[in-house]
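In order, the protein sequences belong to chains A and B.
For the record, in the first sequence the residue sitting at position 58 is 58 according to this note's numbering, with numbers rising by one throughout.
Adding 1000 to a residue's 1-based position in the second sequence gives its number in this note's numbering.
Quick caveat, the hints were computed from the structure, so don't treat them as lab data.
Any given hint could turn out to be false.
[Unchecked claim] Taking CB as the label site, the calculated pair distances span:
hint: 1; chain 1: B; residue 1: Ala1244; chain 2: A; residue 2: Phe286; range: 35 to 45 Å
hint: 2; chain 1: B; residue 1: Ser1131; chain 2: A; residue 2: Gln197; range: 37 to 47 Å
hint: 3; chain 1: A; residue 1: Gly52; chain 2: B; residue 2: Ala1192; range: 46 to 56 Å
hint: 4; chain 1: A; residue 1: Pro144; chain 2: B; residue 2: Lys1296; range: 50 to 60 Å
hint: 5; chain 1: B; residue 1: Ala1244; chain 2: A; residue 2: Ile61; range: 35 to 45 Å
hint: 6; chain 1: B; residue 1: Ser1131; chain 2: A; residue 2: Asp25; range: 44 to 54 Å
hint: 7; chain 1: B; residue 1: Ala1310; chain 2: A; residue 2: Gln197; range: 38 to 48 Å
hint: 8; chain 1: A; residue 1: Phe89; chain 2: B; residue 2: Ala1215; range: 38 to 48 Å
hint: 9; chain 1: B; residue 1: Ala1315; chain 2: A; residue 2: Glu5; range: 25 to 35 Å
hint: 10; chain 1: B; residue 1: Ala1215; chain 2: A; residue 2: Pro187; range: 32 to 42 Å
hint: 11; chain 1: B; residue 1: Ala1192; chain 2: A; residue 2: Pro300; range: 36 to 46 Å
hint: 12; chain 1: B; residue 1: Gly1147; chain 2: A; residue 2: Gly228; range: 26 to 36 Å
[As the list claims (entries may be wrong)] Which residues of chain A face chain B? A partial, calculated answer using Cβ under 10 Å:
hint: 13; residue: Arg23
hint: 14; residue: Ala24
hint: 15; residue: His27
hint: 16; residue: Glu33
hint: 17; residue: Glu63
hint: 18; residue: Gly72
hint: 19; residue: Ala74
hint: 20; residue: Gly109
hint: 21; residue: Val114
hint: 22; residue: Leu282
[As the list claims (entries may be wrong)] Counterexamples of contact, computed for chain B against chain A with all Cβ distances above 12 Å:
hint: 23; residue: Arg1102
hint: 24; residue: Phe1175
hint: 25; residue: Gly1214
hint: 26; residue: Gly1242
These numbers come from a predicted model, not from an experiment.
Note that CB positions come from ideal geometry on N, CA and C, so glycine has one too.
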Amino acid sequence: MNSTETETTFVTTIASTLALAMRADEHVIVLGEDVAEGGPYTATAGLSEEFGRERVRNTPISEGAVCGAAIGAAQAGLRPVVEIMYIDFITLALDQLVNQAAKAHFMSGGQLSVPLVLRTQGGASGRGAAQHSQSLEAWLTHIPGLKVVMPSCAADAAGLLLSAIADPNPVVFIENKSLYFKREQVPSAPESLPIGQARVRRSGNDLTIIATSRMVSESLRAAERLAGEGVDAEVIDLRTLLPLDTDAIGRSVSRTGRAVVAHEAVRIGGFGAELTAQIQELAFDFLLAPIQRVGAPFTPVPLSPPLEDAYRTGADDVYAAARFAIEWDQPESSPFASGSFPAGAAGS
Amino acid sequence: MDEARLLLQTMWRIRVFEERVAQLKRTMQVHGLVHLSIGGEGVAAAVCGQLRDDDAVYSSHRAHGHAIAKGVPLPAMMAELMGRADGLCRGLGGSMHLVDKRHGLLGATGVVGGNLPLAVGDALAARLSGSDRVTVVFFGDGAVQAGHFHESVNLAALWKLPLIFVCENNGLAEFTSRAEHSPVERVIDVVAPYGFQRELADGSDVLAVRSAFGAFLEQARDGGGPFLLECLTHRRRGHYEGDAQQYRDERAELEWAQRDPLTRFQADALEQNWVDTQTVAEIETAARAAVEEAVKFAKASPFPTPELAAELVYA
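Bound-form chain A, shown alone:
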């Protein structure tokens, strides 16, 4: 182990980074359901013991008013980190987030700012069923004034969370419950990572896979399998959805000519649709194959274990989509031509 790194988990990193930010700035407060108890996933464990229950404030199950109170506190100079326990419940806070937080700076002609972080987590795992498993990030990326961050690993989560807390704008920070308990290497003293910068997680020349959150590690697995077949895939971890790092996307796809976009959210109307549109705007002249979208089927998330497993997008879906894009310029051998194109790669 490197002496400047520690082996830990994503969720422990969230708690330790919040503690770091609270030590550095007394204006940082944490509020949400059960946060003073550490929360169901221990993302805020230890904070109330160190900072007290005024700054680490349990709230009633009132997502709308709690989010609004965090906005009001932010407008008054605090730096609140409000937790919405599951992104599924962000529906209850959307009025405050969309109508108040996102527009306050604009509507006030620049007088107000809302240095707010809304932490939440999404994704299907653990048989959470249809109301505790969604990936709703695309809704938020449609709102001018918000920033939307989706880290794929603990080290990035630490750096991006520090930046989110320091940012004068409302930042929605979306974690993925599937990543929470994997052991990872994290810098012992994390430093801020700029919001809005994607990261090339694997360099390659034949194909670009652009992924978010849990789908980054799935895409890296798909890339390894492709490498075994002589296909050199580049994997870009978006890290931030809004503002979007269009430079990184355009630069890579212009070079490889083929693109797969991959997320865990429902494919239709997902952020992949925006990425696909961006890619054809940025790199149309260089495209050698149709852009492929990987996303979940158009159904709510099912409870039953084999159904949830089938529902979740993974490395196999990315692999199939990549093969489809790679084989596109050889129509006679294309799965599409043979009528057996891979699930999740084409069709809706």
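We have chain A already, so just place chain B on it with the hints.
For chain B alone, coordinates are given in the frame of chain A:
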């Protein structure tokens, strides 16, 4: 009595400003939805007149009166309503989104009840910073049926925040009477189980509002709260300018016209010799001159350049 003069000044400024806004709206010089508070000036004057600049006011969509009473300059406010570059919010917000941070007007809102949670957060920030400043949130009776109201009242009571809820109950939620929206007639009864102090006042009796609010304010300064003041008021104009108002009851209109807070308080002030007729005439003249000055300023201000919108999406 200086207080009487100040109250009259504020009410006259609101009345004349809003009457002028109604004219400018008819000639399409003021833009967007415009909600006037004519008939309800007493509450704004009595409440905001007692506040400091650092006390925060969160207002509703019917915000002109609160803004003027909180000290917002008329020229910048009129320019804002006309969508001009020198407007309070550089022409990006308009009537429903007035903000003047310097004078503690932290926001009006176009979403009924949407301001209530923000005020809770403001009061929480005041408490955590150890300040003695107080937060006031204005809302109509229509907001009381919104979930945000109940969540916010619960939070404020639970956390004992220095927040004063001021309900302007004009008996109408947009076009519909309160009776059609809730079986609970009085808002003070809606919050009764929370156990905090609450008061019902005749909103057209300026001194009654002033004294009820003043008592709450004094306690809030000392860290008490929350409080709710329900003021029974009347909206003499439509929900918005242009509303056909087919729901009006003519008898009630006549009755309320006699209870107009401005004419009523002015008559009382003259009778009590707090002011003389000359002072009253001067106050009205000064208000008209100030409003005309504001219109002149607003008309001379350019529209903002289109680039401004993109510049102000992020701080």
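Now for the hints, and whether the structure bears them out:
1. B/Ala1244 - A/Phe286: 35 to 45 Å: violated (59 Å)
2. B/Ser1131 - A/Gln197: 37 to 47 Å: holds (38 Å)
3. A/Gly52 - B/Ala1192: 46 to 56 Å: violated (32 Å)
4. A/Pro144 - B/Lys1296: 50 to 60 Å: violated (34 Å)
5. B/Ala1244 - A/Ile61: 35 to 45 Å: holds (42 Å)
6. B/Ser1131 - A/Asp25: 44 to 54 Å: violated (18 Å)
7. B/Ala1310 - A/Gln197: 38 to 48 Å: Violated, since alanine 1310 of chain B and glutamine 197 of chain A (Cβ atoms, about 21 Å apart) do not stay within the stated range.
8. A/Phe89 - B/Ala1215: 38 to 48 Å: Given about 39 Å between the Cβ atoms, the range holds.
9. B/Ala1315 - A/Glu5: 25 to 35 Å: Holds: the Cβ-Cβ distance is about 34 Å, inside 25 to 35 Å.
10. B/Ala1215 - A/Pro187: 32 to 42 Å: violated (56 Å)
11. B/Ala1192 - A/Pro300: 36 to 46 Å: Taking Cβ atoms as reference, alanine 1192 of chain B and proline 300 of chain A lie about 41 Å apart, which means the hint holds.
12. B/Gly1147 - A/Gly228: 26 to 36 Å: violated (55 Å)
13. Arg23: violated (17 Å)
14. Ala24: violated (17 Å)
15. His27: holds (9 Å)
16. Glu33: Since chain B brings no Cβ nearer than about 13 Å to glutamate 33 of chain A, farther than 10 Å, the hint is violated.
17. Glu63: For glutamate 63 of chain A, the interface hint holds, since the closest Cβ of chain B sits about 9 Å away, which is under 10 Å.
18. Gly72: Status holds, d = 2 Å.
19. Ala74: holds (7 Å)
20. Gly109: At about 3 Å, which falls below the 10 Å cut-off, the nearest Cβ of chain B leaves the hint on glycine 109 of chain A intact, so it holds.
21. Val114: Given a least distance of 8 Å, the restraint on valine 114 of chain A holds.
22. Leu282: violated (20 Å)
23. Arg1102: violated (8 Å)
24. Phe1175: Correct as stated: the minimum Cβ-Cβ distance to chain A is 22 Å, above 12 Å.
25. Gly1214: The assertion about glycine 1214 of chain B holds, with a minimum of 24 Å to chain A.
26. Gly1242: It holds; glycine 1242 of chain B is separated from chain A by about 22 Å at its closest Cβ, greater than 12 Å.
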